[in-house]
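Chemist: Okay, here's what each chain looks like letter by letter:
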Amino acid sequence: MADIADTGMASAPARAETLKTADGTPLKAALAHAAKRARRRAFLLVAPLLAFVVLTFVAPIGQMLYRSVANDGFSANMPNLVRWFAENPETEPDESAYAALAADLALAAEARTIGVVGTRINYDVSGTRSLFTSAGRRAARLEAPYREALLDLDEEWGSPALWSAMRAASAAHTPNFYIAALDRQVDPEEGIVSVPEDQRIYVPLFWRTMMISAVIAGICLLLGFPVAHLLATLPMRLSNLLMILVLLPFWTSLLVRTTSWMVLLQSEGVVNDVLVSFGIVADDARIQMMYNQAGTIIAMTHILLPFMILPLYSVMRTIPPSYVRAARSLGANNWTAFWRVYVPQTVPGIGAGVLLVFILAVGYYITPALVGGSSGQLFSNMIAFHMTRSLNWSMAAALAALLLGAILLLYWLYDRLIGIDNMKFG
Amino acid sequence: MALPSYAGPLERAWYYGFRVICGLIFFFLMAPILIIIPLSFNAEPYFSFTEKMLSLDPEGYSLRWYDLLLTFGMLAPDAPRDAAWWADAWENSAWIRAAKNSIIIGVASTILATALGTLAALGLSRPEMPYRRAIMAILISPMIVPIIITATGLFFFYSATGLAGSYAGVILAHATLGIPFVIITVTATLVGFDHSLTRAGASLGASPQTIFFKITLPLILPGVISGALFAFITSFDEVVVVLFVAAHDQQTIPRQMWNGIREQISPAILSVATILVIFSIALLTTVELLRRRSERLRGLSPG
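These protein sequence lines are chains S and X, in that order.
If you're matching positions, the first sequence starts at 1 in our numbering and goes up one per residue.
If you're matching positions, the second sequence starts at 1001 in our numbering and goes up one per residue.
So that you can see chain X by itself, here it is in the shape it has in the complex:
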C-alpha cells in the first residue's frame, strides 16, 4: 500500500513509523543468527567483539575455532597434516563422527518418513477416505506432543524392546517425528491435483503402479521433496530423543553441541553454528525454488 498523496502529516508519520517498527522486528529476527558468523572468527576465546575485531584488524580474526572442530577428539592433533593426519581426523574427530551420524540417521529416517508419508497422503487426500479427521489427528500428533513426552515414552518402550542405544531406534523415532511434515506438505500439494489425469491414464490401460510413477509422482514431486527436506531438518536438529535413547555411538551434531554448551562453551560452538546457518540457507533456497516450481506447474501463479 503506497502512501496516498492526500495523506496528512500524522498519517505520513505513522506510515514511516510503521516501517521503522517492522524494520526493528526484522532486525530482532535476523540479528541473533547473523551475529554469530563474525564472532566465530574471533581470535580470542570471548563471545564479544574485541577491540581488534572492531577496528577490522586481520589479527583479531582467525580460523582457530574451525580448526578445533577438526582436531577435537583426535588421537594426534599436533602431528604434521599429511594423509595419516586426515585419516585420524576422519576416524576420531568428535565433530566429524557426529556429522557422519547425523547424516546416516537423517537420511535413513527421511527415506522412511517420505515413503510412508507420501503413500498415506495419497490415501488421505482421496474423498472416500474413512475416518479422515481422526486418522489425520493421530498422524500429525508427533508434531504437537512435546518432544520431552515422546522421548520419555520412547525411553520406556526402547528399554523394554532392546532398541535403546541402537541406530534403528533413533532412526525409527526420527522418522516418526518427520512424518507430520511430509503429510502436511504432500497433502497441500495434492489439493490442486487434477485427478482427471490419473483417470485418463487408467482409461488408456495403465496399471496403478504406472499411473503413480509416470503421472502422479512427477507432478507432486516438488511437494514430496519439500516434505523430505522438512523431515531431514527435523531429524538433523533433534536432540532430546537422542539424549534419551541413543548411546555414545550415535552422537549427532546437535547432541555434540548440547554437550559443548553444557560443559565448556567455547567459540567452537559458534563455528558449528555458522556452518549450520549456511546449511539452512541452502535448504531454504531449495525449498523456495521447489515451492515456486510447484506453483508454476499447477498454474497457481504466473511464476
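Excised from the complex, chain S in its bound form:
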C-alpha cells in the first residue's frame, strides 16, 4: 500500500496539480472526510444499543466487582472505633479503644444497624454475630471502666482474633473476600496462608466444576460427532428432517428438559422401572441416578448436546467428500482415510463445539441446582448460596468475579480460535 501511495505522490508533480473535487477541495481530503462521516454514521447506529448494554449489563457487573472489594457494614456504623484504629495503627486495644467500642455499640443498637455490624465481623470470625447483637442490647447501660464491663458481658471481647478482624473491617475496602474465595486466610504472624485441608471449599469446587464441564464436553463430542457426520453426509431433504430432532430439544425450555430428567431418573421413575421390568436391576436395589454427580452430567449432556452438533455440522457440511474418496483410491483403508484426512478437516468444528459446551457448562446453575444433590453442585450454585442463603453478598461477588475471569479467558480463547462472528444458530 505504502509503495503505491509513494509512486502516486511522485507522479503528482508531473501532472502539475493534485486531483480536486468539483468544489475545489483536494480529493484526498474529501475522501477522508467522507470516510469519517461514514464511520460516524455506522457508529451512531450502534450507539443506542451499546449505551443500553453498558447501562443494563456492564454497569451492574462493574458494581458487582466493586462490591467484591467493598463492604462498609462495619466501617460506616462504628465511627468511634474506626477513628481509634486510624489513630493507633499498631497499639493493642486499651481502655480508650473499649470506650470507643462501647459508644459505637450503643450507637449502632440505637440505629438498629448492630445486626449489619455483627454480620460483617461474622464473615471473618464465625459465631460473633450474636456477640454483637447481645452486647448491643446492653450497651446503653455500660459504664467505665469499659474494658472490664465488656469482658464481664463476654470473655470473647478480649480475643485478639476479634480485634484484628475489627481492625481489618474498619477499612471500607478489603481484599479479604478474594482471600477467602481462594481458600486462604490472613494469619497475624505469617500473612496469607492456606486454610487447613478439611476447610477448603472454593478451590476444590472450582476444579470439580472444571472437571465436570470437561467430562460433559467430552461426552457431547463423543455423541455429537457421529450425529453431525450423519447429518452432513445424508441427502439435504433427509438431513433437514433429522435436523428437527436436534433443533427441537434446542428450542425446548431448559426447565422442561430438566424436569423430564428428574422424572426419568427418579428411583421410582421410568428408567429404573424399565431396568427392573427387564430384570437388570433388582426392585430393592434401584439405581440412584439423581441428586448426585451422575444426574448433573446426564441432564447437562442432553441439554448441551445441540450446542456441539450445530457447529460440528456446519463445518462438516463444507468438507468435500472427494478428499476421503481420493485417500481411499490412493490405498488408505477406511480408518486411515477417516483419521488422517477427514478428522483434521473437522478440527475447527470440534474446537468451536467443545469450547462452547465447556463455557456454557462452567456457568450452569439451574440444572445442577435441581438434579445435582450435594455432589453435583457447580461453582454457580455456591454463588447462589451466598446470595440467597448465607447473605454474604460480598463473598458472592468475589466468587462471581473469579468465575467471570475464568469465563472471559475462555471467551477470549474462543474469539481468537473461532471468532465470535461465526456463531450461528440453526
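Quick caveat, the hints were computed from the structure, so don't treat them as lab data.
All C-beta atoms, glycine included, are put in the ideal place defined by N, C-alpha and C.
Treat the hints loosely; a few may be bogus.
Computed from the model, here is a short list of chain S residues facing chain X with C-beta under 7 Å [what the hints assert, rightly or not]:
(1) Leu-247
(2) Ile-350
(3) Gly-351
In silico EDC-like links for lysine to aspartate or glutamate, alpha-carbon gap of 16 Å or less [to be verified]:
(4) X/Lys-1052 to S/Asp-273
(5) S/Lys-36 to X/Glu-1128
(6) X/Lys-1100 to X/Asp-1088
(7) X/Lys-1214 to X/Asp-1194
Since the structure of chain S is provided, determine the placement of chain X on it from the hints.
Modeler: What follows is chain X alone, placed relative to chain S:
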C-alpha cells in the same frame, strides 16, 4: 453416502451399525422430551407409567393435572363452572397469572431487543464500522457470561437504583439477554445483503428512512423475526434473573415451575411442560419456515 455395491461384510456391518448408533443418540435427544407428554395425562400422582396406562385403559388417563393448572390459586375452585368461575380463574389462578406475566415481559423485552439490535446490526455490518470486533464482543457477552453472574450484578444494581421488584427491571434485564441473539441472526442475514439495492434507492432520491423501511427491512425481515423469536424464547425461558430481581407480582411461568419443582413436584408440572413443548414446536416450525424463505429470497438455495 449410500453403501457402495463393492462394500465388504465388515464395511456393511459398520454402515448399519453406525446408523443404529446415530438412531440411539437421536433417541437420547428426543425421548426425554416426548416421554412427559403421555405422563402428563396420568390419572395417579406418579411419575411413571401405571399398569392401566400401559394396557391403554382409558381409566389410567385423565386431564386432572391440566385442570389443576387452572384451579391452583383460585379463590373458589369448587364452585360451578360459570362465568364467575372463569373470571376467578382469570384473576387468581397462579398459572394464568404467571402466563400473563411471561407474555407481558416477553413481548416488551423482545420489542426492545429487536428494535435496538436490528439498528445496531445494520451499523455492525457496514465495512467502515470502527472497533467492530471489540463492540461485537461487548454486545455478545450477555450470552456468554453465566446467567448467575448477570443476575448477581443486576441484584446489586437494581437494589441501588430502585428497579428491583418492578416490571421495568425484569424487562430491561431480559432485553439485554435477548440482544445477542438478535445481533447474531440479523448480521447473518445481512451478510448476503446486496447493497447496490440501497444505493439504487438513494440515487433515485429516497431518504435513508424510506430506504430502510421500503428496501432493507422487507429483505431482512425473516432474519429480524427469527432474532425476535430467539429473544422471546430467551425471556420466556429465563428463571434466574426473575428469581433474583423480581417480586411476587412478576412471577413468570418458569419461576412458577421452579417453585413447583422445588416445593411439591406433582404431575401438574408435566402438564405445563407438555404445553411448553407444543409451544416450542410451533416456534421451531416458524423459525424453520422463515429461514427457508430468507434463503430463497437471497437465492442461496433452490428452496
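Chemist: Does each hint hold? Answer for all of them.
Modeler: Quick rundown of the hints versus the structure:
1. Because the closest C-beta pair between S/Leu-247 and chain X is about 6 Å apart, less than 7 Å, the hint holds.
2. Residue-level restraint check for S/Ile-350 is violated (minimum Cβ-Cβ distance to chain X is 17 Å; threshold 7 Å).
3. Checking S/Gly-351 against chain X by beta carbon gives a least distance of about 16 Å; that is not within 7 Å, so the hint is violated.
4. Of the supplied pair hints, the one linking X/Lys-1052 and S/Asp-273 holds, its CA atoms being roughly 15 Å apart against a limit of 16 Å.
5. Between S/Lys-36 and X/Glu-1128 the alpha-carbon distance is near 9 Å, which keeps this suggested pair within the 16 Å criterion.
6. At roughly 15 Å between alpha-carbon atoms, X/Lys-1100 and X/Asp-1088 fall within 16 Å of each other, so this suggested pair holds.
7. With a C-alpha separation of about 14 Å, the suggested pair X/Lys-1214 and X/Asp-1194 falls inside the 16 Å cut-off, and the hint holds.
The structure does not agree with the numbered hints 2 and 3 stated previously, though it agrees with the rest.
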